[in-house]
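Asks: Each chain, written out:
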Amino acid sequence: MLQRFLDPSVLAGISGLDLVAKTVVDGFISGLHRSPDFGFSQEFAEYRAYNPGDDLRHVDWNVFARSEKMFLKRYRGETNCQVSVLLDASRSMKYGSRGMEKMEYAKFLAASICYLAHLQRDAAGLIVFDSEVRQFVPPSTRQGQIMRLLHGIDQAQTGAETVLEKPFAHLVDYLRRRGVVVAISDFWEQPETVIKTVGPLRSRGNELILFHVLDPHEIQPKLRGSVLMEDLETGVKMEVSPDYAHHDYKGKMTAHLEDMKSRAAGANIDYFLVDTSRPLDEALRQYLAIRAGRL
Amino acid sequence: MGFLNPWFLGGLVAVGLPIWLHLLKRHKTDPTPFPSLMFFEHREQSSVQHRRLDYILLFILRTLMLVLLALLFASPFIRKLTPKGAGKKLVVVAVDRSFSMRTKEGTSTRLDDAKAEAMNVLSKLPPGQPAQVVALADTLQAMTQQTSDPGELRGAVMAIKESDERASFGELARYLRTLSESTKTPLDVHLISDLQKSAMPAFTDVRLNQDTDITFHQVGKVQPNWAVETMIAPQHVYDPKRVHISATVTGFSAPAATRTVTLLMNGKTIQSKTVNVPENGRGSVEFAGLDQASYGFNRCEIRIDSADSLPADDQYMFSVERTDPKKVLFLDDGRHPEAQEFFRAALNATPDSAFQLEPLRPDVAANSDLSKYAVVVLNDLGSLQSGLEASLQKYVSNGGSLFEAIGPASAVAFPRVPVLDEPIDGTSYASREGERFFSVSDLDSGHDVMKSVERFDGVKIYLATNVGSTKSTVLARMSNGKPLVLERKVGEGKVLVFTSDFGAANNDLPRHYAWVPFVQKSIAYLGGAGSGEQPANLSVGEYVELRTGSEKGAQAEVQDPDGQRVLSLQDAAQARNFELTREGFYEVRTAGGKRSLIAAHANRKESDLAVIPPETLDLWKATGSSGPANGSGQGTGGEGNTTPWPLSPYILLLLLGVALAESVIADRYLRPQAQPQETKAA
Chain A
1 MLQRFLDPSV
11 LAGISGLDLV
21 AKTVVDGFIS
31 GLHRSPDFGF
41 SQEFAEYRAY
51 NPGDDLRHVD
61 WNVFARSEKM
71 FLKRYRGETN
81 CQVSVLLDAS
91 RSMKYGSRGM
101 EKMEYAKFLA
111 ASICYLAHLQ
121 RDAAGLIVFD
131 SEVRQFVPPS
141 TRQGQIMRLL
151 HGIDQAQTGA
161 ETVLEKPFAH
171 LVDYLRRRGV
181 VVAISDFWEQ
191 PETVIKTVGP
201 LRSRGNELIL
211 FHVLDPHEIQ
221 PKLRGSVLME
231 DLETGVKMEV
241 SPDYAHHDYK
251 GKMTAHLEDM
261 KSRAAGANID
271 YFLVDTSRPL
281 DEALRQYLAI
291 RAGRL
Chain B
1 MGFLNPWFLG
11 GLVAVGLPIW
21 LHLLKRHKTD
31 PTPFPSLMFF
41 EHREQSSVQH
51 RRLDYILLFI
61 LRTLMLVLLA
71 LLFASPFIRK
81 LTPKGAGKKL
91 VVVAVDRSFS
101 MRTKEGTSTR
111 LDDAKAEAMN
121 VLSKLPPGQP
131 AQVVALADTL
141 QAMTQQTSDP
151 GELRGAVMAI
161 KESDERASFG
171 ELARYLRTLS
181 ESTKTPLDVH
191 LISDLQKSAM
201 PAFTDVRLNQ
211 DTDITFHQVG
221 KVQPNWAVET
231 MIAPQHVYDP
241 KRVHISATVT
251 GFSAPAATRT
261 VTLLMNGKTI
271 QSKTVNVPEN
281 GRGSVEFAGL
291 DQASYGFNRC
301 EIRIDSADSL
311 PADDQYMFSV
321 ERTDPKKVLF
331 LDDGRHPEAQ
341 EFFRAALNAT
351 PDSAFQLEPL
361 RPDVAANSDL
371 SKYAVVVLND
381 LGSLQSGLEA
391 SLQKYVSNGG
401 SLFEAIGPAS
411 AVAFPRVPVL
421 DEPIDGTSYA
431 SREGERFFSV
441 SDLDSGHDVM
451 KSVERFDGVK
461 IYLATNVGST
471 KSTVLARMSN
481 GKPLVLERKV
491 GEGKVLVFTS
501 DFGAANNDLP
511 RHYAWVPFVQ
521 KSIAYLGGAG
531 SGEQPANLSV
541 GEYVELRTGS
551 EKGAQAEVQD
561 PDGQRVLSLQ
571 DAAQARNFEL
581 TREGFYEVRT
591 AGGKRSLIAA
601 HANRKESDLA
611 VIPPETLDLW
621 KATGSSGPAN
631 GSGQGTGGEG
641 NTTPWPLSPY
651 ILLLLLGVAL
661 AESVIADRYL
671 RPQAQPQETK
681 AA
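Residue numbers (the working numbering), protein chains in the order written: chain A, 1 to 295; chain B, 1 to 682.
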């Protein structure tokens, strides 16, 4: 039931980014109760009375032996990680073919990661960029940090072209602790340029995750006839025939994605292609897997 | 250049389709946003491409395709001129021998002039040229087969004889079309005729095939002519003093004149009168009485003193047969005294009635010989002696006819209708409280008896006998659904029943205008007068019926005006009819044994010697060839023959080529440019 709320089209109907992030993360965590990775870096926090349906593994049997009452042990995550979310707000992120723009999807993803990090007591930060750094929220565990992050994500607006060098150089200046850097972008650059730009972060001991957000129509355009296309970032117009889009473009796009994936793997960077038509949990699962490996 | 199906050129309006697609329907220029065009290849914009050569070529090719398609369906052709005589051809010499060719031109007739002209045409034929001579009248007679023998051709022309038939150029055109299609040879036709306007049928009937060249040789010129155009006389004479004969004298292209009209019978002059005929008009004359008509057939003739060049149409022959009127026995027991007078008045309403009413009481009639009566009428008898009923039964079975009125007296007296043998089931009485009267609601208007009764409109029936109709045919029903008039064949005879009486007490039919035709048609139908009898005065070319289907094997006989038997033994035994081929009196005995004297006269359309206008002849000539028409409608034909040369195969080839080119250009137009261009800077 909750899986339904991970569908991007459903989330688009929910007002309030905090509610979206909570819906996604709570639903996602509920779906992870059988995951072998669950339970890392935990410390005891409190007891709670057993309710039917709770996992019996969390029952404190010592208490039960003494009082014949069932209580669950609850744990609190250990804060020892700094999570920085880099959100691309270039004009190309404004594209969307299924009623939801890539920017909107990226916001959901960024908010969900921030919320998840908050639950994990990680110090989460945010950089919104296009050709310049538009917003910067330093990583912190202070009270109200999550609201600052969500507000920053909510305020992000698509602007100019994507230029990765500037925001990543800026981020290097602010990253004093090693941690996890999450970059959410459509990466409309040559793979070589992307890896060359983000590579230095990895060399500092950071875990780097690239979420490559693409619309399904970007991967496989569906044209009924020749159309005049306009580049959202450069404004260049071009006549495109459906035959070319169905064959030549598809081959080039596949090669591009393969190149991105291989180059990222070569640079020991985690790369994940996010299709905006797919639920968010796959991206979150990827994040948690990397987060777990980081600890 | 011409088109076999020119209406397909209407398909040219489809040219508007590419114009609309290419010029009027603008391509949408609103660009579609896309995140990045780094993987797309550069092409020019549509607005620029509209002006490109490919686009213009495409437009031209598509338009050309539609034009060629429309032309292909329209089947264009051009005419190729081939020198006359260069190819094989057949010369047809058609000589008119119709009735009008009897017209005198000086010392000779038109037919003599036509034969001389035919000889002239034949003399100009090159040696070895195949030709055929045909004689034209109502039907076409081939005088020779296709032959190159000049002697045979000249002999055929000399053998042509004048006829009393009318000319039909439609028949000639039909023959020429058939000849052209069967021989596959161009025809060079020479029509030698007085070119009567009346011989021209509807123009579509004289259409000639494309390879037929017709040349008109007119003989004679328009002359004034007077003729006895129509004549009205009875076929049978019962009372010679009451006979009236009228005739119409017409002047064709003639000035006003006074003509003497004479009535002759059996070669003797009966009466003469003068009539004033206006210019190009008609005058009528009427003769009263044929006192000298003898019993049997009489050969009569109306003759005028025209003194014109066509004396053959100055006489109009007709035949009359004098005979005694047939007797109709009227049996009435005195119950309805007015019925007899009503019936007699209706029967004698025409001046020369074919029937004579003879009233008799039923008890007296029982001892009479009924076979001498054509029809026996029973008017609502209240009783019938057994001897009389047996006599009536025998009389009808032997071919006699019975007309019964079954009124209230008969309804009470008989359980079944005498002779008709249908049950009687009381009466239908229209009371004052009910319908007040019955009317006639259903009627077989195709029956001879019911043809002129105007559906018995307004006739009121107050009392009628309910007669069953299990064996009989109901000819009329009343508004209550009960039969009013029934008919049944009994043996060789017929029985007609009226389910009320002939008096005026129980219906008002005798006081109604439908009464006279009802009585006359009924008696004529039952007595055999008029119905089924063929007319005795016919035109030449019409047919006389010799037998019906039930008279196989019996011999028929026809004697022509010369008294010669014209039927072979086989025809006499088998022929169903006989064509009248000349004027005069024909003595005919049908297979059924009935004798008649048929008067045949030439069709009076032949008396109008007006000539077909030259422009009509030019149009007729133009249906057979594409060459310029001769202004006078006469001449020697063109300098050569033209043959249609279809262009469809060439247009089809051109269309295929254009379609191929369109495919290539369209493919090039829609295909993206070969040179890719990265639009996003690395």
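If you are wondering where the hints come from, they were derived from the structure by calculation, not from laboratory data.
Note that CB positions come from ideal geometry on N, CA and C, so glycine has one too.
Among these hints, one or two may not hold up.
[To be verified] Label pairs and their computed distance ranges (CB to CB):
#1 A:252 with B:16: 34 to 44 Å
#2 B:17 with A:243: 53 to 63 Å
#3 B:663 with A:252: 27 to 37 Å
#4 B:17 with A:196: 32 to 42 Å
[Unchecked claim] Keeping only pairs whose Cα atoms sit at most 25 Å apart, straight-line, the calculated SDA-like set for lysine to any residue is:
#5 B:605 with B:200
#6 A:250 with B:31
#7 A:237 with B:55
#8 A:94 with B:31
#9 A:222 with B:605
#10 A:237 with B:605
Asks: Does each hint hold? Answer for all of them.
Replies: To see whether the hints hold, each was checked on the structure:
Distance hint check for residue 252 (chain A) and residue 16 (chain B): the Cβ-Cβ separation is about 42 Å, which falls inside the suggested range of 34 to 44 Å. For the pair residue 17 (chain B) and residue 243 (chain A), the supplied restraint of 53 to 63 Å is violated, since their beta-carbon distance comes to about 25 Å. One distance hint, 27 to 37 Å for the beta-carbon pair residue 663 (chain B) and residue 252 (chain A), holds here, with the actual separation near 29 Å. Against the hinted window of 32 to 42 Å, the Cβ-Cβ separation of residue 17 (chain B) and residue 196 (chain A) comes to about 57 Å, which falls outside the hint.
Taken as a hint, the residue 605 (chain B) and residue 200 (chain B) pair is honoured in the structure, with Cα atoms around 11 Å apart against an allowance of 25 Å. A threshold of 25 Å between alpha carbons decides the hint, and for residue 250 (chain A) with residue 31 (chain B) the separation of about 21 Å falls inside it, so the pair holds. For the given pair, residue 237 (chain A) sits about 21 Å from residue 55 (chain B) by alpha-carbon distance, which is consistent with the 25 Å threshold. Taking the CA atoms of residue 94 (chain A) and residue 31 (chain B), the gap is near 16 Å; set against the 25 Å cutoff, the hint holds.
Between residue 222 (chain A) and residue 605 (chain B) the CA atoms are separated by roughly 84 Å; this puts the pair beyond 25 Å, and the hint is violated. Only pairs whose Cα atoms come within 25 Å are accepted, and residue 237 (chain A) paired with residue 605 (chain B) is rejected, the gap being roughly 88 Å.
Violated hints, listed in ascending order, are 2, 4, 9 and 10; each of the other numbered hints is respected by the structure.
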